[in-house]
Structure formats: C-alpha cells, structure tokens
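J.: Starting from the given sequences, assemble the full structure and let the hints guide the process.
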Amino acid sequence: MTENRLGHQLLTPNPDKLCLSNTVLKGSVALTLGATVGTVAACWGLLASSSLGQPTSPVAPLIVEGASIEGNLSDVDTRLDDGSFYDRYDFMGRSGEYATIYLESEDFDPYLILLDPTGERISENDDISRTNDDSRLVVRLPITGRYTVLANSYESGREGSYRIRIDVEESREGLARTLAAAAVPGSSLICTNTILSATEEIETNRETSVLVSSLQLSRLYESIPESRPYGMYLSLSGAAATSILQSPQFLERLSSELIESCSSVGAIFFGANSLEEERIFGLLERRSVRGRQSLRVSLFDCLNRSQGANARLQWGKQVCAL
712 MTENRLGHQL LTPNPDKLCL SNTVLKGSVA LTLGATVGTV AACWGLLASS SLGQPTSPVA
772 PLIVEGASIE GNLSDVDTRL DDGSFYDRYD FMGRSGEYAT IYLESEDFDP YLILLDPTGE
832 RISENDDISR TNDDSRLVVR LPITGRYTVL ANSYESGREG SYRIRIDVEE SREGLARTLA
892 AAAVPGSSLI CTNTILSATE EIETNRETSV LVSSLQLSRL YESIPESRPY GMYLSLSGAA
952 ATSILQSPQF LERLSSELIE SCSSVGAIFF GANSLEEERI FGLLERRSVR GRQSLRVSLF
1012 DCLNRSQGAN ARLQWGKQVC AL
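Residue numbering for the sequence shown follows this note's numbering, starting at 712 and increasing by one per position.
Quick caveat, the hints were computed from the structure, so don't treat them as lab data. Every residue, glycine too, gets a C-beta built ideally from N, C-alpha and C. One or more hints might be untrue.
Between beta-carbon pairs, the in silico distance windows are [claimed, not checked]:
{"#": "1", "residue 1": "E884", "residue 2": "L986", "range": "47 to 55 Å"}
{"#": "2", "residue 1": "E918", "residue 2": "V787", "range": "46 to 54 Å"}
{"#": "3", "residue 1": "V775", "residue 2": "I901", "range": "23 to 31 Å"}
{"#": "4", "residue 1": "C1013", "residue 2": "P940", "range": "21 to 29 Å"}
{"#": "5", "residue 1": "S958", "residue 2": "P853", "range": "34 to 42 Å"}
{"#": "6", "residue 1": "S882", "residue 2": "E912", "range": "16 to 24 Å"}
{"#": "7", "residue 1": "L986", "residue 2": "N916", "range": "45 to 53 Å"}
{"#": "8", "residue 1": "S867", "residue 2": "F961", "range": "39 to 47 Å"}
{"#": "9", "residue 1": "A950", "residue 2": "G807", "range": "18 to 26 Å"}
T.: What follows is the structure, given as structure tokens:
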C-alpha cells in the first residue's frame, strides 16, 4: 500500500499530536526490558498524564547506529488506533545529520513513523517504491537529541517477524555512499562506486535527487537470471524527474553500466512520484544473426494492469498504465 496515513492511523483528533495507548515492550523484540513497565497513555506533541497525574514517557531500547535488530509484532504488542501493532526504538542523533531507517518484513507490510526529541511526528513511510513494500525513511535531523522510531504494520492486526536498522551519516556524501552500499547486499567496491557515479550523473545540473534501494526479484518474477537475485531501484524526485524517465537511451546506458558492475543485479528500476509506473531495464536474451543467444540490457515490455494483476510476472515484462 502507498496511502499516507497522516490523520488516518494515528490515534488522535489533533493532527499535530500522536497519542498511543500501550503496555510497554512485553518482550516481543530482540532488545527487551527486564520487566513490563505497565499500561500507560502517552501523547507526543503534548504531554499526557498517567492515572497518578504525572507526565509519562515510555522507555524504549536505544539502537546502536548501524546495528540490525530482529523483532516480532504480535498480539501482546502495543497498538495504534486502527488496531495495528508496533514496537518502539530510540536512537541518538545530532542536528544536520542524515538518518536512514530501514524496516523489512516477509510477513506484513512494514510502516515507519519517526518522532523527534520533543515528541513531534516529523516523517513516516509505507513503501520504498511501487515494487518494494518494505519501508525506509531518509531524514535530515532537525535538532540534537534522542529520536523515536515506531516499527509498525500498514494493516491492522498483522503479526510477524521484521528487521530494523538505522544508519546515521554526517554529510550528504556519506549518505549517498551508505545508500549505494546498501542497494546491493554484499556489493563490491566497483559496484558501489558505479552506483555513486550513476546517481551523481543523474543529479548533476538537474533539479532532481536520487535515492537507491534494493529489492528481491523473486518477489516480482516467476524466473530470474541465474546468480542475479537482486534488482536496484532508483527513486527520482524533483522538477527534472519526469523528463529523465522519458529518456530511454540515457536510462538504458546507466542500467547497462550498473548491471555490468554489480554481478548480483539482474534489473534496474527507475521510478518517481510524478509517474504511475516505472521504467525497468534488465538482462534479456537476444538471438543473434547466426542463431546464437546473447545477453543484453533492454527495456522490459509492457503489460496492462489486468494482465499483471495479483501474479508474479514473466521475466522481461512490466505492468504499465496503458
């Protein structure tokens, strides 16, 4: 799902305040407290009062930057107003740093909510892209302090395991390198540098920015190229995004360079919020004049939405808004 849930899921009639009713951390995450704190009501943005009339602030585990944490949403967890479960984590950040937060799950559609040290909700995310329903937030931190992340599901009542990770970088250049390295698990230095070069080429002298992420091709396709399980998604934003996506020769060249340098990548996805579809380039077999098979990077063929609905696609196909 991609619907923004501001004012939809968050439990409050006041859009500037997040209220949660919770029983804090009943051992459902990898980092747990020694005991249940108890049932409290908490509002971020304005302080809430407990039954004793004292302001309350639920304690959450502090994530070490760069560490991956495995957790589980279950029916003993705290809930938002729509009935969806969540776990809470905190991390330390300084003003001007770039925080990248990942939430991945095979069991439910992940959803992330970020609160600043004052308790104000500053960002939230459902899907990384239209073809990747994991969640990622990339935020430049406005103030120094302890930030709160809610690991949540988009749909109410969903349970299952997840993995969360938070990376913090001091500069835009550091952020770009972190995203490039994370785009292909176990990527080589050559692959990472090619990703950086491609994003820089897209952004240079254009009003656009690029965020890079990875996806599992087997989630989308019935069969995939041998030893190439990953796709790479380049999400474009800014005034020039649409014109870039309408430049197939430029995108094909970038895709060829990326696939050649990243040995576990079989396809490159380009997308933007300004368009309802992606441009996908991948390794396809082409028959030569002498009848021999060869591989080259080409644009995938379009299917209409009814042909591609609710099913994994054949390799070389993509769903388009025909």
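J.: All hints, please: hold or fail.
T.: Now for the hints, and whether the structure bears them out:
1. E884 x L986: 47 to 55 Å: Since the Cβ atoms of E884 and L986 sit about 28 Å apart, the hinted range of 47 to 55 Å is violated.
2. E918 x V787: 46 to 54 Å: For E918 and V787 the Cβ distance comes to about 48 Å; the hint holds.
3. V775 x I901: 23 to 31 Å: With a Cβ separation near 29 Å, V775 and I901 satisfy 23 to 31 Å, so the hint holds.
4. C1013 x P940: 21 to 29 Å: holds (24 Å)
5. S958 x P853: 34 to 42 Å: At roughly 35 Å between Cβ atoms, P853 and S958 fall inside 34 to 42 Å, so the hint holds.
6. S882 x E912: 16 to 24 Å: Check passed, 20 Å falls within 16 to 24 Å.
7. L986 x N916: 45 to 53 Å: Roughly 22 Å apart at Cβ, these two residues miss the hinted range, so it is violated.
8. S867 x F961: 39 to 47 Å: Roughly 43 Å apart at Cβ, these two residues keep to the hinted range, so it holds.
9. A950 x G807: 18 to 26 Å: holds (25 Å)
The structure shown violates the earlier hints numbered 1, 7.
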